[in-house]
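Line order of the protein sequences matches chains A and H. In this text, residue positions in the first sequence follow the working numbering: the first is 1, and each later residue adds one. In this text, residue positions in the second sequence follow the working numbering: the first is 1001, and each later residue adds one.
The set of hints was computed from the structure by calculation and includes no laboratory data. You can take every hint at face value.
Facing chain A, from chain H, some residues (calculated, C-beta under 8 Å): (1) THR1020; (2) ALA1021; (3) LEU1028; (4) LEU1033; (5) LYS1035; (6) THR1065; (7) ARG1082; (8) GLU1166; (9) LEU1172; (10) ARG1173; (11) CYS1175; (12) HIS1178; (13) TYR1179; (14) PRO1218.
Here the structure is a predicted model, which means the values were calculated and not measured. Glycine included, C-beta positions come from ideal geometry on N, C-alpha and C.
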Amino acid sequence: MLIRFFFMLREGGLKVSITEFLTLLEVLESRIAGYSVDEFYYLSRACLIKDEALFDRFDRVFSEHFKGIQHLFGDDTAEIPEEWLRRHFERLMSEEDKALVESLGGWEKLMETLRQRLEEQEGRHEGGSKWIGTGGTSPFGAYGYNPEGIRIGQEGSRHRRAVKVWDKREFRNLDDTVELGTRNLKVALRRLRRFAREGAADELDLPDTIESTARNAGLLDIRMVPERHNAVKVLLFLDAGGSMDDHVRVCEELFSAARGEFKHLEYFYFHNCVYEGVWKDNMRRHSDRTPLMDVLHKYSSDYKLILVGDATMSPYEIHYPGGSVEHWNEEAGAAWMKRLLDTYPKAIWLNPEPVNRWEYTPSIRMISELMAERMYPLTVSGLEEGMRTLR
Amino acid sequence: MTEQRFTGTDRYVATEDLMTAVNAAVTLGRPILIKGEPGTGKTQLAEEIARGLERPLLQWHVKSTTKAQQGLYEYDAVARLRDSQLGDERVHDIANYIVKGPMWEAFEQEVQPVLLIDEIDKADIEFPNDLLRELDRMEFYVYETHQTVVAKHRPIIVITSNNEKELPDAFLRRCFFHYIRFPDAETMRDIVDVHYPNLKKELLDEALHAFFDLRDIPGLKKKPSTSELLDWLKLLLAEDVSPEVLAGNDRRKTLPPLHGALLKNEQDVHLFERLIFLNQREGR
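Taking the hints into account, I'd like the entire structure generated from these sequences.
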């Protein structure tokens, strides 16, 4: 039974190793835990999962595996705003899936099917591949394995009863990891590394010691140097929202790769074009803005600037005051872009749009001109090229 | 191995999941990695395990310049070189220049000790990898004196991390893992109870209310943590602030008294004042 659990965890994208699994068995054998499911949950989590960002995924698999033992879930069907479903749906789907949906009759058709099934279905359902419910492979429902499935009802809590620890999904917010695809990006970003000796002198400089000892007529004269470490500082500006929704995945990958690679990384979000304010938390883009001037003053010009965005917008948004789609901007986006580029001479723009579409979009051409042609596609090779420019 | 279980102490409230993880680590003699928000008592946990199980505690605080080797031992070559120039007798025995690190000390203890490796993420990226064998086998080899140091008792190793760097998988595989969540209001009450048993109930209610309200404010640079709450309560007690003052002063309208203990950042205080200002305007 636990072997099945082990494989389910691995299928669920949790890289649990055999040694960790054996540790869990060893713990169980040593009878540390009583016989409650709660304790087993805590134990297996401590043994198998080593990152709090994966706790949520673990909770899901755990609940899936033990749902036969404990019937815990409430009725999950409820009215769902279509807009919300669609957003969720699009974000989770890959290009192929989208094509598949198109071949099935498109989004409207799919939503129609969902509505029909909601009507046909009476009561709660688990497993299976058609009905909406928990743990199935149908694209609709909760806790399912169909990765592009629509999750229904987990956002609201009105039908929850007797919720177990793993079903509270308290770690959902931490699950910001992306699939392993960041490795390539990390390697590309590594090109930017520059080692410098800074800080306290705590490493023996052997050649210098030998030389100065010799000069000192053989009396020891120890010379120390500071250690070498990566001294590159990066300022990352990410376009969020609107047309960027299609590129969320690749941007997340870039972001998590960059976070792992640079010690000095500061990031901000903007929408379409950079204006007087940027923000750190996309949920609070309207309340918590940081004036761009503050950014320019705070981070010195040896920061390397990386802008990420599709640069797909109306030309007014770049060249005219008041052109922004979100607010009234006193000064044109181009003026702010210029200020940004004047402060940070080492700058590139990474564009997730395919290169062949660039020339047909006037705003991409305009941004590229503003950037003095330092625009690169957001692919591994484009990133490498960009890193060479930044060096 | 003795059948002792860690259940928290008189000054440390351990949640059930934390206890389970710690006991598993103690029984199997494997390291336990603790992560969590700053100020949730990660470092204190090691002290309390040592106290609760009555074991000696050894601490190894890791800095950005710490090398794994320093935890085992250091060969003070520079001292030996100097001694050789001065003609000191000690110079002939290399063992005189081997300085034991905290891990060696832990391996030599007569009873199973608790070893705290604090803030492992501060060190170089290779640091955890360099400790793999030592954590696994609890032994290491001293090249200079050709001896193998083996642990008399597998120490209970508590490792804390603030998540500044990712730890390598090979290292994680050898540890138990626990993430200390920020306590909910219920647990917080227990924690405060343990520290200030004589606190008036009303004062505690009001203070906790103010505290969780404060944590909910979006955009704070540094959210106040458990340890800061405890400091603040200490101040409230010392100043003898009455619960009425706390309650009467609506948190939406003024700063809580002695807010300096909770908000450690000038920008946060400004932000808070701005929010209060906005609220006052709306209230009118």
